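Given the coordinates of chain A, work out where chain B with the ligand should sit on it, guided by the hints.
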Amino acid sequence: MLDELRELYQEVILDHGRSPRNFRRLADPAHHAHGQNPMCGDTLDVYLKLGADGTIEDVAFEGKGCAISMASASLMTETLKGRQITEAERMFDAFHRLCTEESFDAATAGVDEDALERLQVLAGVRAFPVRVKCATLAWHTMKAALEGGATVTTE
Amino acid sequence: MLASTSRTAMNDEGRHSVSFDVHRVRDDFPILKRRIRGRPLVYLDSAASAQKPKAVLDAMQVAQETIYANVHRGVHTLSQEATDAFEAAREKLRAFINAASADEIIFVRGATEGINLVAATYARKFLSAGDEIILSELEHHSNIVPWQLLQAEKGIVIKVAPIDDDGNFLLPAFERLLSPRTRLVAVTHVSNALGTVTPVRAIIEAAHRAGAKVLLDGCQAVPHLAVDMQALDVDFYAFSGHKMYGPTGIGVLYGKKELLATMPPYQGGGEMISTVTFAKSTFKEPPHRFEAGTPAIVEAIGLGAAADYLTALGREAVRAHEQALLAYASQRVSALPGLQIVGRAAEKAAIVSFVMEGVHAHDIGTILDRAGIAVRAGHHCAQPLMERLGLAATARASFGLYNTMEDVDALADALKIVREIFA
Ligand SMILES: Cc1ncc(COP(=O)(O)O)c(C=O)c1O
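Respectively, the protein sequence lines represent chains A and B. Okay, so the first sequence: first residue is 1 according to full-length UniProt numbering, each after it adds one. Okay, so the second sequence: first residue is 1 according to full-length UniProt numbering, each after it adds one.
For reference, chain A alone in the conformation it holds in the complex:
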């Protein structure tokens, strides 16, 4: 029992859950979306600042939720800063597969393998299907922000 739990609640996750990085509102975000997980009441806001060439110049978030959702949002902001929008969208797909597919292979995902490797700490949610939504909430919200805002829910 403890092994699987320790696999889910790795030190990196507990650390990011306790002290999330880029946890702030961007002053003048070009892109923003609000995400919520109605089942558990988790909410978060993702802010993005984009450069003229499609680079994500800054990305930040605010919200309340479980260790998994906070850590995932925190790691996402670290991962995406400085990347191209198109790559962020590919990483969204890759991250989703990482959280759900047992046989997922980072090498075949067509995105920066090292970045994906850092997100690998969240793969523990595979053993906890009801928690997948917690891990993916930030990414869905980020995608909604890129696509023009509004509110997303994980229902």
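Since the hints were made in silico from the structure, they are not lab data. Honestly, I wouldn't trust all of these hints.
[As the list claims (entries may be wrong)] Think about it this way: if two alpha-carbon atoms lie no more than 16 Å apart in a straight line, the pair counts; the simulated EDC-like pairs of lysine to aspartate or glutamate are: (1) B:K154 with B:E175; (2) B:K154 with B:E137; (3) B:K92 with B:D308; (4) A:K64 with B:E387; (5) A:K64 with B:E357; (6) A:K81 with A:E57.
[Stated by the list, open to error] Chain B regions said to be covered by chain A (calculated; three or more residues, Cβ under 8 Å): (7) 292 to 304; (8) 354 to 364.
All figures in this text were calculated on a predicted structure; none of them were measured in a lab. Note that beta-carbon positions come from the ideal geometry of N, C-alpha and C, so glycine has one too.
Leaving out everything else, chain B with the ligand in the frame of chain A:
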């Protein structure tokens, strides 16, 4: 507070300890033999839905194997027998809540439908713009949203009676909300999120003095307490079968006969009419007027069996057992470092909501599940209450008659593991 609850529990236990043997009672519930991830199931989520005793499961199966047919519409033997069993279930529910007449027992899908029925018939007919309804901060969404729908339609006013930080219903503040425009008070009897037992007698008396009717949401009360419609003098009372060890898809709306008689139908269809012509239809008397269509026949029979089961165990014996569990669980949980019980009302049913410093309720729920312990984590369909308490979510252990002191120990041990993981 705690001292007084545990004192009553012990007195009652003194009287009932011979008759209430929880380990024998557990044998009545087949699912309690399940193992979850290799560990014995510790089911602490009865407030969401209670497990079913064999008496209920058997009653439903036997009914389907021996007397099943549609009700109220056949000349044949089976239909007559099914009708008799269905109406016998109604009588069992009457006795269970001591209503004056079985005609005051309306079978509905559950508490949600019962409350919606009152909103759609009684309140829609008798309330108009500017009339007031009083709810409380403790309410489940199912006793908030139907009134908001009516508010949008009719312009009624919704007032909310406050609680204190411990979750106690504040009677004087409630009384100050009563006005000549108050038509209905719709409050919970027991809070599903905190366990608070509200002072229903005083609420009903004050409301009646002000000329208002009272609807109680009894969903969380009937599994734990003996309720008596005549003694309470309540106007409407709604509850769900599945929380009192009966099946899903069935529940009861109690309504005083003289009120039901004034109310228009809820839905139209078969079963609820006397005559139908294209020019005009006439409707049956209550309760059948409010039961359009083929009802949940087998489920009603199962609910009747659940009422019999609780009665046979002894309502007071069940209450005493659960109060002892509540006292012990409150003590064990609050003794853990960083843990805080949410909801410390003077009178509570066996529900322990809590938060742990630095750990979200959802993470607690996941870790407890790995230990075979089922609890609920979240807002418990009571978002306004969570907001009032300044919380996003709590973890909730809710106890039933089949829980044991060992279950409480398992909970406390697993909460220590949560602490270790998040240390
Ligand atoms: C206090 C309370 N009221 C109403 C309900 C709604 O019951 P149901 O979903 O069975 O209609 C519940 C169940 O969650 C409850 O706990």
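Verification of the hints:
Distance hint between K154 of chain B and E175 of chain B is unfulfilled; the C-alpha atoms sit about 24 Å from each other, more than 16 Å. Taking the CA atoms of K154 of chain B and E137 of chain B, the gap is near 22 Å; set against the 16 Å cutoff, the hint is violated. A distance of roughly 7 Å separates the Cα atoms of K92 of chain B and D308 of chain B; the hinted pair therefore holds under the 16 Å criterion. With a CA separation close to 13 Å, the supplied pair K64 of chain A and E387 of chain B stays within the 16 Å bound.
Under the criterion of a C-alpha separation no larger than 16 Å, the hint pairing K64 of chain A with E357 of chain B is consistent with the structure, at around 14 Å. Of the pairs offered as hints, the one joining K81 of chain A and E57 of chain A holds, with about 6 Å between alpha carbons and a cut-off of 16 Å not exceeded. Residue count for the stretch 292 to 304 of chain B with a Cβ under 8 Å from a Cβ of chain A: 0. That is fewer than the three needed, and the coverage hint is violated. For a cut-off of 8 Å, the count of residues in the stretch 354 to 364 of chain B with a CB near a CB of chain A stands at 6, and the three-residue condition holds.
In summary, the numbered hints that this structure violates are 1, 2, 7.
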